[in-house]
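Chains W and B are the protein sequences, given in the same order. All residue numbers for the first sequence refer to my numbering, where the first residue is 1 and numbers rise by one. All residue numbers for the second sequence refer to my numbering, where the first residue is 1001 and numbers rise by one.
I should point out that these hints are in silico values taken from the structure, not numbers from a laboratory. For each residue, glycine too, the CB sits at the ideal point set by N, CA and C. Among the hints, a few may not be true.
[Stated by the list, open to error] Cβ-Cβ distance ranges computed for the label pairs, FRET-style: (1) W:Ile-18 / B:Arg-1059: 35 to 41 angstroms; (2) W:Ser-51 / B:Glu-1028: 20 to 26 angstroms; (3) B:Arg-1015 / W:Ala-70: 28 to 34 angstroms; (4) B:Ile-1012 / W:Asp-59: 36 to 42 angstroms; (5) B:Leu-1039 / W:Asn-67: 42 to 48 angstroms.
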Amino acid sequence: DQQVKQNSPSLSVQEGRISILNCDYTNSMFDYFLWYKKYPAEGPTFLISISSIKDKNEDGRFTVFLNKSAKHLSLHIVPSQPGDSAVYFCAATGRDDKIIFGKGTRLHILP
Amino acid sequence: DTGVSQDPRHKITKRGQNVTFRCDPISEHNRLYWYRQTLGQGPEFLTYFQNEAQLEKSRLLSDRFSAERPKGSFSTLEIQRTEQGDSAMYLCASSRPPRDEQYFGPGTRLTVT
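Work out the full structure: start from the sequences and follow the hints.
Right, dumping it as structure tokens:
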């Protein structure tokens, strides 16, 4: 049973436009959410996180939105740049601090 | 400190052989995690340590898998009697509790032939 779902395996966005990556979760005990970015042949790199007591967290071009009632979060990247092409993993954790990852969304930034 | 390192980066082995992987975490991090990632999936939790204590093991970790973290520094993950289904990327991550993000190493890609 997938507790963290990323329903879009891939997404293509024009350079300079906004990229929106979506994630849904099922476990109401999750209270901390993270986004990781992964390039080929490298381990995932932490991007941004959000606690369940917030509904938005911003860091430069990256903003994460959390809708607890819908059990949904999204990552916005604006403006999108060629170096943003990678696989993005949504992840969630609860009091046990064990991180559960989604399957990832491959983002392609088009020139 | 240059981050989390893993050795080897690639391992090809024949079915039935034993393999051991090493992870060196960021030095001030006292939590160390092992994950497995297969094609098209996100990393799946295997086990984690706080200092030298192994706190949790996933049901994915069969009896053929064992992990250690002597002295609370580096960790090893051993797979005995490897099977083709063990072929995957094995990732190590480290963090400081309680809620620091986890920093991942580059992974060890295991291929069992």
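Hints broken by the structure, by number, lowest first?
Structure breaks hints 3, 5.
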